[in-house]
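Residue numbers (this note's numbering), protein chains in the order written: chain C, 1 to 112; chain S, 1 to 114.
Don't take every hint at face value.
Stated by the list, open to error - Not everything, but these chain S residues come out facing chain C in the computed CB check (under 10 Å):
id, residue
1, D73
2, F90
3, T100
As the list claims (entries may be wrong) - What follows is a set of in silico ranges between Cβ atoms, one per label pair, in the way DEER data are often shown:
id, chain 1, residue 1, chain 2, residue 2, range
4, C, N22, S, K14, 25 to 31 Å
5, S, G3, C, S58, 45 to 51 Å
6, S, T112, C, A81, 28 to 34 Å
7, C, T77, S, S69, 44 to 50 Å
8, S, T70, C, G16, 44 to 50 Å
9, C, R60, S, P75, 35 to 41 Å
10, C, T27, S, G3, 29 to 35 Å
11, S, G51, C, E55, 29 to 35 Å
12, C, A81, S, E30, 19 to 25 Å
13, C, E17, S, A52, 45 to 51 Å
14, C, T64, S, S80, 26 to 32 Å
Don't read these hints as lab results, they were simulated from the structure.
For each residue, glycine too, the CB sits at the ideal point set by N, CA and C.
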Amino acid sequence: SQQGEEDPQALSIQEGENATMNCSYKTSINNLQWYRQNSGRGLVHLILIRSNEREKHSGRLRVTLDTSKKSSSLLITASRAADTASYFCATVARDSWGKLQFGAGTQVVVTP
Amino acid sequence: NAGVTQTPKFQVLKTGQSMTLQCAQDMNHEYMSWYRQDPGMGLRLIHYSVGAGITDQGEVPNGYNVSRSTTEDFPLRLLSAAPSQTSVYFCASHTRGGGTYGYTFGSGTRLTVV
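Only chain C is shown next, with the shape it has when bound in the complex (with noise of 0.2 Å):
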């Protein structure tokens, strides 16, 4: 079973605007983890928040954690069409520290 979940699973919105989206995962976690994914395409690492940390920034990403609620947000502010893809959360759970466990996704398509 995946350990993340993430709401929505589509979400479609204008360039310049904002886009949210939210992660709830099972288990304890050592760290929270998200991802892009452009079609047909790899991977690629985002942004890492620790399970001691509540609130990070990179660019135009801001992620926030809460592990009283199992749950993160990651928002993309002033969105670009560049930006469409998918984005996946993924968690480290407290000892099991090989193991990455992703969410099903959620595909964002900006529009110009």
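Given the coordinates of chain C, work out where chain S should sit on it, guided by the hints.
Coordinates of chain S only, in the frame set by chain C:
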């Protein structure tokens, strides 16, 4: 460029054939992993390795074998291909837990079993 190299990029197999998917990394990472991705789904872990000579099973290990004789290489072997193994396969390398920079993924092998 440093990274993870997967070969081949595409492969068509007949049911019952065997093959090896190659994965090599040049970042001196201890950890390496194999995932499969099916349409509309996230990645599922097949096998992973925490160092040369050490491997372990992930979520969906049946039908696959791995070995890790060197830090750089982590091949994935399909023993007797089945149509259910039609998928895109990704190899990744990383430091413990992903470190600061997360996992580095290869560009994938698209496998079709007929």
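Here is how each hint holds up against the structure:
no. : hint                         : in the structure
1   : D73                          : violated, 17 Å
2   : F90                          : holds, 6 Å
3   : T100                         : holds, 6 Å
4   : C:N22 <-> S:K14: 25 to 31 Å  : violated, 43 Å
5   : S:G3 <-> C:S58: 45 to 51 Å   : violated, 20 Å
6   : S:T112 <-> C:A81: 28 to 34 Å : holds, 31 Å
7   : C:T77 <-> S:S69: 44 to 50 Å  : holds, 46 Å
8   : S:T70 <-> C:G16: 44 to 50 Å  : holds, 49 Å
9   : C:R60 <-> S:P75: 35 to 41 Å  : holds, 38 Å
10  : C:T27 <-> S:G3: 29 to 35 Å   : holds, 30 Å
11  : S:G51 <-> C:E55: 29 to 35 Å  : holds, 33 Å
12  : C:A81 <-> S:E30: 19 to 25 Å  : violated, 38 Å
13  : C:E17 <-> S:A52: 45 to 51 Å  : holds, 48 Å
14  : C:T64 <-> S:S80: 26 to 32 Å  : violated, 46 Å
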